[in-house]
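One-letter residues, chain by chain:
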Amino acid sequence: MSAERPSATPTTVGIVVNGRRRHATVEAGDSLLTTVREGFGLTGAKPACEVGTCGACTVLLDDEAVYSCLVLGVECEDRRVDTVEGLADHGELSRLQDAFIECDALQCGFCTSGQLMSLEGLRRAEPEPTSEDIERAVQGNLCRCGAYRHILDAAEVALTVRSAS
Amino acid sequence: MRAAELDDLTEAGVERVGRPIPRVDAVDKVTGRARYSADISLPGQLVGVIVRSERPHAAIASIDTNAACAIEGVAAVMTGADVSEYAWYEDDEPLLPRVGDIVRFVGDDVAVVVAETESIARRAASVVEVRYDDLEPLTDVEHVDDDDAPMLLGNDEIETEEEGRGDVETAFTRADLLVEGVFHTPTAVHNAMEPHGAVADWRGEQVDVYTSTQGINDVREHLAERLGIDHSQVRVICEYMGGGFGAKQVPWKPTMLAVVASKLTGAPVKVMNDRRSENLAAGKRNATVQRVRIGAMKNGSIVAIDAEIDAEVGAYSVPGEASAVHGPYLFLYQCDDVRVRTRRLRSNLGPAVAFRGPGYLESTFVLESLMDELAVELGIDPIDLRRRNHAGRNQQEDVAWSHPDGILRSYERVAEESGWANSFDRQASERIRRGRGFAAHDWVAAGAMPPGHATVEFNFDGSVHVGLSAQDLGTGTRTVLSQVVADAMGVDLSHIRLSLGDTSTGPPAPTSAGSATVPTMAPAVRAAALAAVDDLLDAAAEHLGVDRSTLSFDGSNVSSTVADVPDQPLTDLCADLSPRVVHGWGSKEATPDDVSPRAQGSAEAEVEVDLDTGAVRVTRIVVGPDCGRILNRRLADSQVLGGVTQGIGFALTERQFVDHHLGTVMNPDLNEYLLPTASDTCEIVHAVLDIPDLAANEVGAKGIGELPLLPVPAAIANAVHDAIGIRFRDLPITRKRVLDALTARDTSTRNDEQESS
Numbered sequence: 001m002s003a004e005r006p007s008a009t010p011t012t013v014g015i016v017v018n019g020r021r022r023h024a025t026v027e028a029g030d031s032l033l034t035t036v037r038e039g040f041g042l043t044g045a046k047p048a049c050e051v052g053t054c055g056a057c058t059v060l061l062d063d064e065a066v067y068s069c070l071v072l073g074v075e076c077e078d079r080r081v082d083t084v085e086g087l088a089d090h091g092e093l094s095r096l097q098d099a100f101i102e103c104d105a106l107q108c109g110f111c112t113s114g115q116l117m118s119l120e121g122l123r124r125a126e127p128e129p130t131s132e133d134i135e136r137a138v139q140g141n142l143c144r145c146g147a148y149r150h151i152l153d154a155a156e157v158a159l160t161v162r163s164a165s
Numbered sequence: 001m002r003a004a005e006l007d008d009l010t011e012a013g014v015e016r017v018g019r020p021i022p023r024v025d026a027v028d029k030v031t032g033r034a035r036y037s038a039d040i041s042l043p044g045q046l047v048g049v050i051v052r053s054e055r056p057h058a059a060i061a062s063i064d065t066n067a068a069c070a071i072e073g074v075a076a077v078m079t080g081a082d083v084s085e086y087a088w089y090e091d092d093e094p095l096l097p098r099v100g101d102i103v104r105f106v107g108d109d110v111a112v113v114v115a116e117t118e119s120i121a122r123r124a125a126s127v128v129e130v131r132y133d134d135l136e137p138l139t140d141v142e143h144v145d146d147d148d149a150p151m152l153l154g155n156d157e158i159e160t161e162e163e164g165r166g167d168v169e170t171a172f173t174r175a176d177l178l179v180e181g182v183f184h185t186p187t188a189v190h191n192a193m194e195p196h197g198a199v200a201d202w203r204g205e206q207v208d209v210y211t212s213t214q215g216i217n218d219v220r221e222h223l224a225e226r227l228g229i230d231h232s233q234v235r236v237i238c239e240y241m242g243g244g245f246g247a248k249q250v251p252w253k254p255t256m257l258a259v260v261a262s263k264l265t266g267a268p269v270k271v272m273n274d275r276r277s278e279n280l281a282a283g284k285r286n287a288t289v290q291r292v293r294i295g296a297m298k299n300g301s302i303v304a305i306d307a308e309i310d311a312e313v314g315a316y317s318v319p320g321e322a323s324a325v326h327g328p329y330l331f332l333y334q335c336d337d338v339r340v341r342t343r344r345l346r347s348n349l350g351p352a353v354a355f356r357g358p359g360y361l362e363s364t365f366v367l368e369s370l371m372d373e374l375a376v377e378l379g380i381d382p383i384d385l386r387r388r389n390h391a392g393r394n395q396q397e398d399v400a401w402s403h404p405d406g407i408l409r410s411y412e413r414v415a416e417e418s419g420w421a422n423s424f425d426r427q428a429s430e431r432i433r434r435g436r437g438f439a440a441h442d443w444v445a446a447g448a449m450p451p452g453h454a455t456v457e458f459n460f461d462g463s464v465h466v467g468l469s470a471q472d473l474g475t476g477t478r479t480v481l482s483q484v485v486a487d488a489m490g491v492d493l494s495h496i497r498l499s500l501g502d503t504s505t506g507p508p509a510p511t512s513a514g515s516a517t518v519p520t521m522a523p524a525v526r527a528a529a530l531a532a533v534d535d536l537l538d539a540a541a542e543h544l545g546v547d548r549s550t551l552s553f554d555g556s557n558v559s560s561t562v563a564d565v566p567d568q569p570l571t572d573l574c575a576d577l578s579p580r581v582v583h584g585w586g587s588k589e590a591t592p593d594d595v596s597p598r599a600q601g602s603a604e605a606e607v608e609v610d611l612d613t614g615a616v617r618v619t620r621i622v623v624g625p626d627c628g629r630i631l632n633r634r635l636a637d638s639q640v641l642g643g644v645t646q647g648i649g650f651a652l653t654e655r656q657f658v659d660h661h662l663g664t665v666m667n668p669d670l671n672e673y674l675l676p677t678a679s680d681t682c683e684i685v686h687a688v689l690d691i692p693d694l695a696a697n698e699v700g701a702k703g704i705g706e707l708p709l710l711p712v713p714a715a716i717a718n719a720v721h722d723a724i725g726i727r728f729r730d731l732p733i734t735r736k737r738v739l740d741a742l743t744a745r746d747t748s749t750r751n752d753e754q755e756s757s
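Note that the protein sequences, when read in sequence, are chains A and B. Going by the numbering used here, 122 is the number at position 122 of the first sequence; the sequence numbering is gapless. Going by the numbering used here, 408 is the number at position 408 of the second sequence; the sequence numbering is gapless.
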């Protein structure tokens, strides 16, 4: 077996991250997950399986929840990427974040960023989600601590019309 | 006022403990600010990737690292030749194999590539060329006794460990009836969302290790011993960790490899497992085969229990692989004649380690399945049968349980919350059958796992710092211990900051295991808090020139009964007392020997079985864990949800598949190792007990982590039987197994009909 040539050439990518246009140097093969974590220093999205089976790396790409481990960083040129770090507004927690705390919708916290971003994606797409919408939104986000019931409760509290009244 | 007198104050202020306050670290977790091991980024940090064995059992013939080393950005390729002075697992097993050494499972560590980035390290790892001289593997331990079974490390003398009491064989002759069976429980994998791993940073003679672990002190001590240096030269930090469930209760190789790689390269090095490694080489719940007989009288009393257990523990013996499968047979029920024989069998698979309720989960499923069978055969209500066999004391040591009636209260509460006495409709539709089942459980570590120590000091503004070197796995340790301190001192929680997760922030604390962190550390921080108040009053007496006995502290002011001495606001007093630092030290150094601390409980499960697809859907679980005093209801509820959810997984979907032909795991990923998702959960009811058990420890809280998991798989299996009349002796109860069993029953019914016609 001979040495493989490095397949990745460093390249610069410009992405609108949490509302701010930023640049990072990535390798061509780097995932969006690697790009946000190492290129932008945003470590809220977690590497947990890196093959799109757990959801811990979920971020929004142009408002849609994606597994950032399955998207290449260079694909995101000029697109909007939102991460958990952008959910709070100048230190003011979003309603979803508040509800997660109120309902104790987390334990170890490792999957929490992904859960929040999947639900934030739902919130942006669907102003009046049903319980089924909520369940579907987080079906792809594993939580080994098993906080699911509290996660669903928190989403109901934060996202549904019933709770707003 | 002496510390002892403060007990009354504690009672008065007890509402702080038990209050469902939010987690003190929740904001960090919902903003992405909580830093886990893989989030640590130090200047000049390199990344290590482990090259793992592709063979189940082989001698290393050669390792060629030239191609890997030639890749730009590779700092080092570490093999056994570079680290031959270090051992791991058993004492004489090398940290990494040299040429001629043996690799013992697919996924065993072979080499480490250290590079500037992870992608470079991964590429380089893929071109490290390892040649193997294959040896015959053994992955199916059912063949361990075959004459031609290959000899594995640790299998040369397979010991049968026998425990119990009385004379089982004679007792069986007295029994009116017998229930028995051979049960299989699967290999299950912890699969904490955060993988194992570490960032190690050698500087001079000291090393800082950021690692995801349930035991920062244990990692520190173990690393120091393996490295031949002082404990003081190793600092271990685990500020946040993404779950452990037992898999992180011992130090693992990636941590040691990061440390050694950092020493070798002179740079900080990060080594994190990928998901495949998590499934192959980072611990698992041992699979078991259990042959069990229970003899009983017609009135339901159990007269004999005999269990033979084979547990598959993997290729290496890992500390903390408790595998206490014997526990429930020995302790859960009153029975004079019990025998449990256990064999721990090595295989060419990854090593087993404790997994939430280790051993107990496996045997609770079996014992409680047989209890249900007994109840059905005798026509006795399942809960009543368990009441009739109530033990109330540790029969092995002949000492009473710390709260002998806790489990009876659990039966009562679970029956109440589940409406057990009500009629139950078993047919939802032509296709869907409903059932409900009940199961009880024992748990052993409720007293504490000492020693645990803590410090409490007043800052010069009167606010409070608590220092300890325990860790918070995500269970809420930070939060509940803060509450205990607030309660003991009467100080508002907002003025308290508690540091943990760093061996340099406090005196020794135990590994978080066995649900014992709360019973160990709550008494320790409470004692430290009371000692700090004591010190405060001593210092104030001296400062004010009054007799100590005239002083009292209400959390905000030190007051004196002497008429002309004004109240001393804590803020002013601590400033005035400067430079003296008011502080206290507290510890939990022993468990009681006059009682046997127990944390027991029970659960009811309701299921629907689809006769067409074989799918079992759990519709509700009611669980009543006797965890002693509940320190925070909201966090206790979360533990209940988590335990039940893992119980559903173990009962219905989770199973590691091994291809015994290839000697390898077929589903080392989250795609085919089926963890429960949000859609697999159900209504989960916490039948709250909240019985302070002051005989178990000073705070009366016994820990809750393992409890709500333990009875769940058995309760589900019993509910499935109630629904379709079929007993499943093997977990998980998959759709295929249900369909096969339904088909087999239909076939035999048809054959019977043909024979009789």
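No lab work stands behind these hints, which were simulated from the structure alone. Beta carbons: idealized from backbone N, C-alpha and C, even for Gly. Mixed in with the good hints there might be a few duds.
[Said to hold, decoys possible] Per label pair, the in silico range of CB-to-CB distance:
(1) B:Gln-45 to A:Glu-126: 57 to 63 Å
(2) A:Asp-62 to B:Gly-44: 32 to 38 Å
(3) B:Asp-576 to A:Arg-80: 52 to 58 Å
(4) B:Asp-612 to A:Arg-21: 36 to 42 Å
(5) A:Pro-10 to B:Ala-61: 36 to 42 Å
(6) A:Thr-12 to B:Arg-617: 47 to 53 Å
(7) A:Thr-11 to B:Gly-44: 45 to 51 Å
(8) B:Asp-740 to A:Asp-62: 36 to 42 Å
(9) B:Arg-633 to A:Arg-80: 52 to 58 Å
(10) A:Glu-126 to B:Ser-679: 14 to 20 Å
(11) A:Arg-79 to B:Pro-20: 26 to 32 Å
(12) B:Ser-679 to A:Thr-12: 38 to 44 Å
(13) A:Thr-130 to B:Asp-567: 46 to 52 Å
[Claimed, not checked] Partner residues are not named here, just some residues of chain A that face chain B (Cβ under 7 Å, in silico):
(14) Gly-44
(15) Cys-49
(16) Leu-61
(17) Val-84
(18) Ala-88
(19) Gly-91
(20) Glu-92
(21) Gln-97
(22) Cys-108
(23) Thr-112
(24) Gln-139
(25) Arg-144
Here's how the hints hold up against the structure:
1. Judged by the Cβ atoms, the range 57 to 63 Å given for Gln-45 (chain B) and Glu-126 (chain A) is violated: they are separated by roughly 41 Å.
2. Against the hinted window of 32 to 38 Å, the Cβ-Cβ separation of Asp-62 (chain A) and Gly-44 (chain B) comes to about 36 Å, which satisfies the hint.
3. Taking 52 to 58 Å as the suggested C-beta distance range, the pair Asp-576 (chain B) and Arg-80 (chain A) conforms, at roughly 56 Å.
4. Checking the proposed 36 to 42 Å range against Asp-612 (chain B) and Arg-21 (chain A) shows it is violated: the Cβ atoms sit about 55 Å from each other.
5. Our hint of 36 to 42 Å for Pro-10 (chain A) and Ala-61 (chain B) holds, since their Cβ atoms are close to 38 Å apart.
6. A beta carbon spacing of about 51 Å between Thr-12 (chain A) and Arg-617 (chain B) agrees with the range 47 to 53 Å that was offered as a hint.
7. Distance hint check: the CB atoms of Thr-11 (chain A) and Gly-44 (chain B) are about 23 Å apart, inconsistent with the given range 45 to 51 Å.
8. Checked against the hint of 36 to 42 Å, the pair Asp-740 (chain B) and Asp-62 (chain A) fails, with Cβ atoms roughly 47 Å apart.
9. Look at Arg-633 (chain B) against Arg-80 (chain A): about 41 Å separates their beta carbons, and that is not inside 52 to 58 Å.
10. Range check, Glu-126 (chain A) to Ser-679 (chain B): about 18 Å between beta-carbon atoms, so the 14 to 20 Å window is met.
11. A C-beta distance of roughly 42 Å is found between Arg-79 (chain A) and Pro-20 (chain B), which places it outside the suggested range of 26 to 32 Å.
12. Taking 38 to 44 Å as the suggested C-beta distance range, the pair Ser-679 (chain B) and Thr-12 (chain A) conforms, at roughly 41 Å.
13. Between Thr-130 (chain A) and Asp-567 (chain B) the CB atoms are about 58 Å apart, so this pair departs from the stated range of 46 to 52 Å.
14. For Gly-44 (chain A), the interface hint holds, since its Cβ comes within 7 Å of a Cβ in chain B; the closest pair sits about 2 Å apart.
15. With a least beta-carbon distance of about 4 Å to chain B, the hint placing Cys-49 (chain A) at the interface is held under the 7 Å criterion.
16. Contact between Leu-61 (chain A) and chain B, as hinted, is not supported at the beta carbon level, the nearest pair being about 17 Å apart and thus beyond 7 Å.
17. The restraint placing Val-84 (chain A) at the interface with chain B holds, with a minimum CB-CB distance near 4 Å, inside the 7 Å limit.
18. A least Cβ separation of about 6 Å between Ala-88 (chain A) and chain B falls short of the 7 Å threshold, and the interface hint therefore holds.
19. Annotation: interface hint on Gly-91 (chain A) violated; nearest CB of chain B at approximately 9 Å, more than 7 Å.
20. Taking 7 Å as the C-beta cut-off, the interface hint given for Glu-92 (chain A) is violated, the closest approach to chain B being about 11 Å.
21. At its closest, the beta carbon of Gln-97 (chain A) sits 4 Å from a beta carbon of chain B; the interface hint therefore holds under the 7 Å criterion.
22. Using the Cβ-Cβ criterion of 7 Å, the hint placing Cys-108 (chain A) at the interface with chain B is satisfied: the shortest such distance is roughly 3 Å.
23. Because the smallest distance between the Cβ of Thr-112 (chain A) and any Cβ of chain B comes to about 5 Å, under 7 Å, the interface hint for this residue holds.
24. Nearest Cβ of chain B to the Cβ of Gln-139 (chain A): about 5 Å, under the 7 Å cut. The hint holds.
25. For Arg-144 (chain A), the suggested interface contact is upheld, since its CB lies about 5 Å from the closest CB of chain B, less than 7 Å.
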